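Asker: Sequence:
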Amino acid sequence: MCYSSNLDTSTNKTTKSKLRISAPARYLIREMLRERKKISDVSLSDEKENDDDAFKALYILIFSHKAARETIVWLTELLTRSQRDGGAELLIRITNVENEGVIVEIGASPIRLLEAAEALEITKEDKNGNIREFIFSSLDLFLKPGVSMDNLLSTSEKQRVILEEIMGIRSMEKKKLIGYPDIMLYPGQSIIQVCKINGIITFMYPLHEPSELEVLKQKWTFTRLPIGDVRNYFGEAVAFYFAFIYFYTWALLPPAIVGAIQSVISFDISRSYVFFAIFKMIWLTLFLECWKRKSNELAYTWGTLRLVNLPKLHPTFRGMHMDIDPVTKRHVPVYPAYKRHFKVYCISLPLIILCLIFAIVVMLVYFQIEEMVIEEYDDGSFESWIITQLPGIIYAILVIVMNVIYAYVANILTEWENHRTQDSFDNHRIVKLLLFEFVNNFIAMGYIAFYQQDLNMLKWQIAVMMIVNQLFNQFQEAVLPFLLHKYRQKWKTETAANVSPRIKCILEQRDMWSYEDLKSTLLSVPLPNKS
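Numbered according to our numbering, the sequence shown terminates at residue 537, and the numbering increases by one at each position without gaps.
Because the hints were derived from the structure by calculation, they are not lab data. None of the values given here were measured: they were computed from a predicted structure. Hints may contain errors.
Unchecked claim - Each computed BS3-like pair below joins lysine-lysine, with the alpha-carbon atoms no more than 25 angstroms apart: (1) Lys510 to Lys223; (2) Lys300 to Lys130; (3) Lys62 to Lys181; (4) Lys72 to Lys181; (5) Lys202 to Lys181; (6) Lys130 to Lys150.
Unchecked claim - Here are the in silico distance ranges between beta carbons for each label pair: (7) Asp146 to Val340: 39 to 47 angstroms; (8) Glu215 to Ala343: 41 to 49 angstroms; (9) Val485 to Thr227: 17 to 25 angstroms; (10) Gly386 to Ala243: 50 to 58 angstroms; (11) Ala343 to Asp146: 40 to 48 angstroms; (12) Trp80 to Val485: 36 to 44 angstroms; (13) Gln458 to Val340: 48 to 56 angstroms; (14) Phe481 to Ile418: 22 to 30 angstroms.
Every residue gets a Cβ at the ideal spot worked out from N, C-alpha and C, and that includes glycine.
Just need the whole structure built from these sequences, with the hints factored in.
Answerer: Following this line, the structure appears as structure tokens:
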């Protein structure tokens, strides 16, 4: 079977051509090559305490304790195999923990990280303060005072490189997965992703750097948002999110102050509404313009303002066969477009319409039940008031539950449609989510506003929806992770407690709460214009 570590047409470049490297860079490279040889001698061994400092683990794969041994051996060999032979050329450390599975710590030598950083077109600041695309042959231009090959890339950039290399190991032809004859590998499919979907790999996550995290926590607690440190540790997407939240929170002060003053001194409600509506329109316009300037400033500083990524293969894309791309001259998986269009328009679209109809039916049933409850129990007492509000509260909970279920359905449908690129996958998933969540969340308010035309009922409906949604978010982000952590601590196996401190730390991070839906959260953040 043939494999390739870089089949997609993303931001890959070749570094096989002869390079002209400056003298300082040649010296550093010779030193690092010696270090690479030392590392490679111990990278494939089982857990040994004296090997802990051989290389710095950046990513973790945990195989199920039921995973076939030949599959684990084959995959770990692919991770360490040279790029020329279709591997990722990474460094690994393997530890078998009873009842927990096989833990594979993944890292890379500084040279390998920098080579991959150039292929991913990562931008860095040079000695002159200019943001430019990193080029390995011009390494010395980026080595400013205090910067070495080890710390030139930030933590998030190193982990991004590792993830791209892991997911870039793809099958070149349709074959059965070694150790699992019932699982098929299709051309262009990410082998690691297939193993993850089928439960062979149970966990896959980046490893925290405790020292950097502690510094970030101290800075964030007592000072303003350390946006540069957030970007270096979590990456640009998360940094943009927190920058927007920080900017938005401070921007809410003017409308809050004006609204408080208006509510105290205003006696004419109709005029106060008109004044506040005009003020909010002016405030919103100014806010968007100011955020546009701020986001462009951050994007320029981080080198992402004019960053254009070529289409990147989605990890679960399954090709029918391999063909030569006329532009890149690389082998790429091919899947007929008409089959994808048939799935989108003849299967997914009707199912989406059915989901929208179901959301509308649930809304109509809610209003009928609410009307019946009001007629039956509304006698003016406090107890009857509580009873009459129950349908609205239950409906708000149902809206959240339906959003969660539909998000799961949207993921399954979009995966099944077999989109070639990550952008295409994201766009189709976002359209599904926006359509359903818009109808599901706002159809009741539109019905009250334009059909029933009941202002008091509309205000109460909005209040109930916002309060229930806020309570759910707080439970999901604070209470649920705490309860799960306590549960996992209670049932932690004795085997895990008796392993080395390094493995214990890895297992503790495995049990941390993971936030999976960052892409949906980022939909609300206006990002800088790259045109």
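Asker: Each hint needs a verdict: does it hold in this structure or not?
Answerer: Each hint, compared with the structure:
1. Lys510 to Lys223: 22 angstroms, holds
2. Lys300 to Lys130: 20 angstroms, holds
3. Lys62 to Lys181: The given pair, whose Cα atoms are some 34 angstroms apart, is violated under the 25 angstroms limit.
4. Lys72 to Lys181: 22 angstroms, holds
5. Lys202 to Lys181: Between Lys202 and Lys181 the Cα gap is close to 17 angstroms, so the pair holds against 25 angstroms.
6. Lys130 to Lys150: 11 angstroms, holds
7. Asp146 to Val340: 39 to 47 angstroms: 42 angstroms, holds
8. Glu215 to Ala343: 41 to 49 angstroms: 43 angstroms, holds
9. Val485 to Thr227: 17 to 25 angstroms: Between Val485 and Thr227, where Cβ atoms are some 22 angstroms apart, the hint holds.
10. Gly386 to Ala243: 50 to 58 angstroms: Because 53 angstroms falls inside the window, the suggested range holds.
11. Ala343 to Asp146: 40 to 48 angstroms: Given range 40 to 48 angstroms: holds, Cβ gap about 47 angstroms.
12. Trp80 to Val485: 36 to 44 angstroms: 42 angstroms, holds
13. Gln458 to Val340: 48 to 56 angstroms: 54 angstroms Cβ-Cβ, so the 48 to 56 angstroms window holds.
14. Phe481 to Ile418: 22 to 30 angstroms: 25 angstroms Cβ-Cβ, so the 22 to 30 angstroms window holds.
Going down the numbered hints, you'll see the structure goes against just number 3.
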